[in-house]
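A.B. asks: Sequence:
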Amino acid sequence: MDLTIEPTLLRGTVRAIASKSAAHRILLAAALSHCPTTLEHLDLSDDIRATIQCLKAMGAAVCHNQTTARILPGSFAKRCRLPCRESGTTLRFLLPVVSALGIQGDFIMDGRLPLRPLGPLEQELERHGMTFFRPGADCLQVRGVLSPGEYILPGNVSSQFISGLLFALPLLSEESTLAVSGPLQSASYVEMTLEILEQFGIHIPFRNGIFQIKPGIYAASGSLPVEGDWSNAAFWLTASHLGSNLTVTGLQPKSTQGDRAIVSLLSELGAGSVIDAAQIPDLIPILAVAAANAGGETHFIHAQRLRMKESDRIESVCHLINGLGGCAIAAQDSLTIHGSGLRGGVVHTFGDHRIAMAGAIAATVCKEPVTILDSQVVKKSYPNFWKDYRNLGGTIKEHTHE
Numbered sequence: 187m188d189l190t191i192e193p194t195l196l197r198g199t200v201r202a203i204a205s206k207s208a209a210h211r212i213l214l215a216a217a218l219s220h221c222p223t224t225l226e227h228l229d230l231s232d233d234i235r236a237t238i239q240c241l242k243a244m245g246a247a248v249c250h251n252q253t254t255a256r257i258l259p260g261s262f263a264k265r266c267r268l269p270c271r272e273s274g275t276t277l278r279f280l281l282p283v284v285s286a287l288g289i290q291g292d293f294i295m296d297g298r299l300p301l302r303p304l305g306p307l308e309q310e311l312e313r314h315g316m317t318f319f320r321p322g323a324d325c326l327q328v329r330g331v332l333s334p335g336e337y338i339l340p341g342n343v344s345s346q347f348i349s350g351l352l353f354a355l356p357l358l359s360e361e362s363t364l365a366v367s368g369p370l371q372s373a374s375y376v377e378m379t380l381e382i383l384e385q386f387g388i389h390i391p392f393r394n395g396i397f398q399i400k401p402g403i404y405a406a407s408g409s410l411p412v413e414g415d416w417s418n419a420a421f422w423l424t425a426s427h428l429g430s431n432l433t434v435t436g437l438q439p440k441s442t443q444g445d446r447a448i449v450s451l452l453s454e455l456g457a458g459s460v461i462d463a464a465q466i467p468d469l470i471p472i473l474a475v476a477a478a479n480a481g482g483e484t485h486f487i488h489a490q491r492l493r494m495k496e497s498d499r500i501e502s503v504c505h506l507i508n509g510l511g512g513c514a515i516a517a518q519d520s521l522t523i524h525g526s527g528l529r530g531g532v533v534h535t536f537g538d539h540r541i542a543m544a545g546a547i548a549a550t551v552c553k554e555p556v557t558i559l560d561s562q563v564v565k566k567s568y569p570n571f572w573k574d575y576r577n578l579g580g581t582i583k584e585h586t587h588e
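Residues 187 to 588, numbered by this note's numbering, are exactly what the sequence shown covers, in order.
Just to be clear, a hint being listed does not mean it is correct.
[As the list claims (entries may be wrong)] With a Cα cut of at most 25 Å, we get these calculated BS3-like pairs of lysine-lysine: (1) Lys242 / Lys565; (2) Lys242 / Lys264; (3) Lys583 / Lys565; (4) Lys583 / Lys553; (5) Lys583 / Lys573; (6) Lys573 / Lys553.
[What the hints assert, rightly or not] Have a look at the derived ranges for each label pair, beta carbon to beta carbon: (7) Gly368 / Phe319: 26 to 32 Å; (8) Thr581 / Arg313: 54 to 60 Å; (9) Ser333 / Glu501: 36 to 42 Å.
Bear in mind the hints are in silico, worked out from the structure with no lab data behind them. Quick caveat: nothing in here was measured; it's all calculated off a predicted structure. All residues carry an ideal CB built from backbone N, CA and C; glycine is no exception.
Go ahead and model the full structure; you've got the sequences and the hints to work with.
C.D. replies: Okay, here's the thing in structure tokens:
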């Protein structure tokens, strides 16, 4: 479905949806626990539904509605089919967990997920007893039982590889170590993993670049709220920065979420500023919109990981800005935005939820209407985005494909 948005500033109060990053982690820890756990303030995006489906396939009982989930751990299956949809988090967390549990898992992947890298994680799992098969482009089969030992991952790859192993290695019968070589990108997400593991009784020290992981028993925490999501709230916070009169509730200022940096970053754009994208890859689409409306140039560096997101985000952000009459220039691992303002036009989402939402916020300050192609992609992380946009005064016309 395509949408056309009239240029209009927004007004009102919107509650931040539940953090997808936190929900994935709590759901997984709860499924590994021995007692029931209830998640409160949950939002069921496509990615969260994927994790729930996979946990059910593994043997956990998950009862849920739109805002609450109750996890009743059960006996794990010996073999199962795991429909990850397009959720990289689901795949990268469950690969090591399934390996540690000795489950024969067939991971089914949609969209661009088969293209997203697994190399360093897959190599470490193979080095510790696992075998992988690819019967087709959309399927990854894992066989074997993971053995304890010394694991090594580079810090400049996905932090999800590290988090997946941190969930899995306490399930083994002997102590393991996980060494991280080089600077750790997206470190805040690993910090969130450690924080949630602590809530389930798993304590993992990190000293001199090495995690010390002893065998542990996941202990249910009863009832846990899922905190508000800074990544998706960033769209509303940017709209407010650009002139809309919005109040965003439900956010924790002291959250471990790295994307809380949106608050300070918005004031740093323009005038030749340099923004390191390595720690905040999910913020780049909406920061680019803000940068296009700031004075001077903004340079986003260390952005190579953006090329392996739901879209090639260096290219899709360039299309977004240039398609709306702005000026964006891409390089292999960087992106430069000229703060020349935006006129309006067509946004090709490239199947990327964050490009669609960034385009919608851009429309609030454009001179002409903005058309968002394939607007339904927001369901991946924020199914009610268009409903909230309308409730805040946005004027949207729908065009359905015949």
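A.B. asks: Against the range 54 to 60 Å, how does the distance between the Cβ atoms of Thr581 and Arg313 compare: consistent or not?
C.D. replies: holds (56 Å)
A.B. asks: Assess, step by step, whether the Cα of Lys583 is no farther than 25 Å from the Cα of Lys573, and give holds or violated.
C.D. replies: Since the Cα atoms of Lys583 and Lys573 sit roughly 12 Å apart, the hinted pair holds (cutoff 25 Å).
A.B. asks: Keeping to a limit of 25 Å between CA atoms, is the pair of Lys242 and Lys565 held or broken?
C.D. replies: holds (21 Å)
A.B. asks: Check whether the Cα positions of Lys583 and Lys553 lie no farther apart than 25 Å.
C.D. replies: With Cα atoms ~17 Å apart, Lys583 and Lys553 stay inside 25 Å; holds.
A.B. asks: Lys242 and Lys264: Cα distance at most 25 Å?
C.D. replies: holds (13 Å)
A.B. asks: Using the C-beta atoms of Gly368 and Phe319, is the stated range 26 to 32 Å upheld?
C.D. replies: At 31 Å between Cβs, range holds.
A.B. asks: Holds or violated: are the alpha carbons of Lys583 and Lys565 at most 25 Å from each other?
C.D. replies: It holds: about 18 Å lies between the C-alpha atoms, which stays within 25 Å.
A.B. asks: Given the hint of 36 to 42 Å, check if Ser333 and Glu501 actually sit that far apart at their C-beta atoms.
C.D. replies: Since the Cβ atoms of Ser333 and Glu501 sit about 41 Å apart, the hinted range of 36 to 42 Å holds.
A.B. asks: Is Lys573 within 25 Å of Lys553, Cα to Cα?
C.D. replies: Since the Cα atoms of Lys573 and Lys553 sit roughly 23 Å apart, the hinted pair holds (cutoff 25 Å).
In this structure, none of the earlier numbered hints is contradicted; all agree with it.
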